[in-house]
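Engineer: The listed protein sequences derive, respectively, from chains R and X.
Mind the numbering: the first sequence is residues 0 to 363 in numbering that gives the first Met the number 0, read in order.
Mind the numbering: the second sequence is residues 0 to 131 in numbering that gives the first Met the number 0, read in order.
There may be inaccurate statements among the hints.
[Stated by the list, open to error] Non-contacting residues of chain X with respect to chain R, defined by C-beta distances greater than 10 Å in every case (computed):
1. T24
2. E44
3. K65
4. A124
5. E128
[To be verified] Okay, the calculated beta carbon distance ranges per label pair:
6. D83/X to L12/R: 34 to 40 Å
7. T48/X to T338/R: 32 to 38 Å
8. L165/R to A119/X: 52 to 58 Å
9. R361/R to A119/X: 44 to 50 Å
10. L165/R to E90/X: 33 to 39 Å
11. K50/X to K303/R: 25 to 31 Å
12. P330/R to G49/X: 51 to 57 Å
13. V259/R to G49/X: 53 to 59 Å
14. E77/X to V155/R: 58 to 64 Å
15. S66/X to K355/R: 26 to 32 Å
16. K50/X to K124/R: 38 to 44 Å
17. K2/X to P330/R: 47 to 53 Å
18. K11/R to K2/X: 22 to 28 Å
Hint data in this document are derived by calculation from the structure and do not stem from the laboratory.
Just so you know, even glycine gets a beta-carbon here, dropped at the ideal spot from N, CA and C.
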Amino acid sequence: MRKTPLYDYHLKLGATIIDFGGWAMPVQYTSVMEEHHATRNAAGLFDICHMGEIDVKGPLAFDLLQWVMSRNLEGQKIGEMKLSVMTNEKGGIIDDLTVYMLAVGHYRLITNAGTKDKDLNWILKAKEEKGLADVEIIDLSDKTGKVDIQGPRAEVILQKLVPDDLSHLKFYCFMESKILNVPAIISRSGYTGEDGFEIYVEAQRTGEVWDKLLETGAEYGLKPVGLGARDTLRLECGMMLYGSDMDESTTPFEVVYGWVTNLEKDFVGRDILRKQREKGVEKKLVGFKMEERGIARHGYKVFKNGREIGAVTSGTFAPTVNKAIGMAFVPVSCKEPGTEISIQIRNKQSKAKVVKLPFYKREK
Amino acid sequence: MTKPNPDNRRYSKEHEWAKDNGDGTITMGITDHAQELLTDIVFVELPETGKKIEQSEPVAVVESVKSVSDVYSPVSGEVVEVNDILEEQPELINQDAFGEGWIARIKMDDPAELDNLMDASAYTALIDEEEH
Numbered sequence: 000m001r002k003t004p005l006y007d008y009h010l011k012l013g014a015t016i017i018d019f020g021g022w023a024m025p026v027q028y029t030s031v032m033e034e035h036h037a038t039r040n041a042a043g044l045f046d047i048c049h050m051g052e053i054d055v056k057g058p059l060a061f062d063l064l065q066w067v068m069s070r071n072l073e074g075q076k077i078g079e080m081k082l083s084v085m086t087n088e089k090g091g092i093i094d095d096l097t098v099y100m101l102a103v104g105h106y107r108l109i110t111n112a113g114t115k116d117k118d119l120n121w122i123l124k125a126k127e128e129k130g131l132a133d134v135e136i137i138d139l140s141d142k143t144g145k146v147d148i149q150g151p152r153a154e155v156i157l158q159k160l161v162p163d164d165l166s167h168l169k170f171y172c173f174m175e176s177k178i179l180n181v182p183a184i185i186s187r188s189g190y191t192g193e194d195g196f197e198i199y200v201e202a203q204r205t206g207e208v209w210d211k212l213l214e215t216g217a218e219y220g221l222k223p224v225g226l227g228a229r230d231t232l233r234l235e236c237g238m239m240l241y242g243s244d245m246d247e248s249t250t251p252f253e254v255v256y257g258w259v260t261n262l263e264k265d266f267v268g269r270d271i272l273r274k275q276r277e278k279g280v281e282k283k284l285v286g287f288k289m290e291e292r293g294i295a296r297h298g299y300k301v302f303k304n305g306r307e308i309g310a311v312t313s314g315t316f317a318p319t320v321n322k323a324i325g326m327a328f329v330p331v332s333c334k335e336p337g338t339e340i341s342i343q344i345r346n347k348q349s350k351a352k353v354v355k356l357p358f359y360k361r362e363k
Numbered sequence: 000m001t002k003p004n005p006d007n008r009r010y011s012k013e014h015e016w017a018k019d020n021g022d023g024t025i026t027m028g029i030t031d032h033a034q035e036l037l038t039d040i041v042f043v044e045l046p047e048t049g050k051k052i053e054q055s056e057p058v059a060v061v062e063s064v065k066s067v068s069d070v071y072s073p074v075s076g077e078v079v080e081v082n083d084i085l086e087e088q089p090e091l092i093n094q095d096a097f098g099e100g101w102i103a104r105i106k107m108d109d110p111a112e113l114d115n116l117m118d119a120s121a122y123t124a125l126i127d128e129e130e131h
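So that you can see chain R by itself, here it is in the shape it has in the complex (with noise of 0.2 Å):
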């Protein structure tokens, strides 16, 4: 297995470590639930370091990006990102990933550990066919520590590291400053819902930011969150995990990216993503609740009226909403919040109900 430069941090702190795509990662550190619950009322602090950074860089990156990404990045500013999926000819899901604009020909892209290399190699063939010869595409994923600090107290643990003023970055926007002296890039965004801030250093460095955030949030209940948390974090506010809600076989309208597809400009996949548009998707990505005992998993089935209809997704004890939840593939005439459903679990068919997404919304 791949270790992250925080691996040992982990160990030290008493983690559950798992193989999650190939990484030595940590699932818990205490409990899911204990680390899942600092995150929403204090701040939870989190290693993705596995995840991926590529750059592309030179006059003609902004065009190679426009025609990987579904996502129209002009108008884009340097010091902001954007989400987007890269679909294939089909119009399937080869990532969704950020595009953070460090400046005018230079792009940043967050991928997602286990399609990082796919990623890489499908944007080069891209640079190829599109004879961008010009176009530098750097991996820079070995050499960047990631970490994510989120939580209603993150901005006031990371202002205490880091000289630049946190208050005015805006939501999906990024500042290029410090933390304890070491070049970062930060940004106001993450995966759980909450306020809160990726950090991106080198990732020999990566330790002593690691362990510093931990020492400075510890009194205002700063934890080391592992994935467990993570996935019901994310899960709660309804964003999507590649590999389970998604993948190459389903499209961004399936799921809920299409406000991330824009049809109106030219890319991969566009002309049939359009046509499924005029027609019309088959099947849908939905949030349900259970309305019965028992917590729906991925894969298993769904029902309806006694007939399998789709599968889950993603599904866990929702521990602030308190609740079984999950998201699944069902027919489009059976995505309208409110639709009874029933889920296999085990040798029992559970009721269950469509809901509107997210599951949870924090106040502002």
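Position chain X relative to chain R; hints supplied.
Structural biologist: Below, chain X without anything else, positioned relative to chain R:
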């Protein structure tokens, strides 16, 4: 810290305990070590009373936030009572696995089956071994 494994019970290698009630029944549950590995138990699926089971067959299901685990019956027999409170308070298993977190009472087909299980010191040695 894990609580000590009481001497008055027998243990399975799948981390269940069985306490002989002296009336042909045993009370069973999962060990404190097992609840510690699972953490945050949020759901328990109990068997129905009257259900007949074989030794080492699944008798209940416990779920933590992250995982689903079968609980195996330490003996063959018939379920005569279940701990209904767990349906509302599954966390009792985390809090008191050897006491209030008991799962079921089972009328034994053959009390000699208890001899297939470990005593407290053998079980303690097993979990020490697993941890190292």
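Engineer: Each of the hints needs a verdict: does it hold here or not?
Structural biologist: Verification of the supplied hints:
no.	hint	in the structure
1	T24	holds, 26 Å
2	E44	violated, 7 Å
3	K65	violated, 5 Å
4	A124	holds, 23 Å
5	E128	holds, 18 Å
6	D83/X to L12/R: 34 to 40 Å	holds, 38 Å
7	T48/X to T338/R: 32 to 38 Å	holds, 35 Å
8	L165/R to A119/X: 52 to 58 Å	holds, 55 Å
9	R361/R to A119/X: 44 to 50 Å	holds, 48 Å
10	L165/R to E90/X: 33 to 39 Å	holds, 38 Å
11	K50/X to K303/R: 25 to 31 Å	holds, 30 Å
12	P330/R to G49/X: 51 to 57 Å	violated, 39 Å
13	V259/R to G49/X: 53 to 59 Å	holds, 54 Å
14	E77/X to V155/R: 58 to 64 Å	holds, 59 Å
15	S66/X to K355/R: 26 to 32 Å	holds, 28 Å
16	K50/X to K124/R: 38 to 44 Å	violated, 58 Å
17	K2/X to P330/R: 47 to 53 Å	holds, 50 Å
18	K11/R to K2/X: 22 to 28 Å	holds, 25 Å
The earlier numbered hints that this structure contradicts are 2, 3, 12 and 16.
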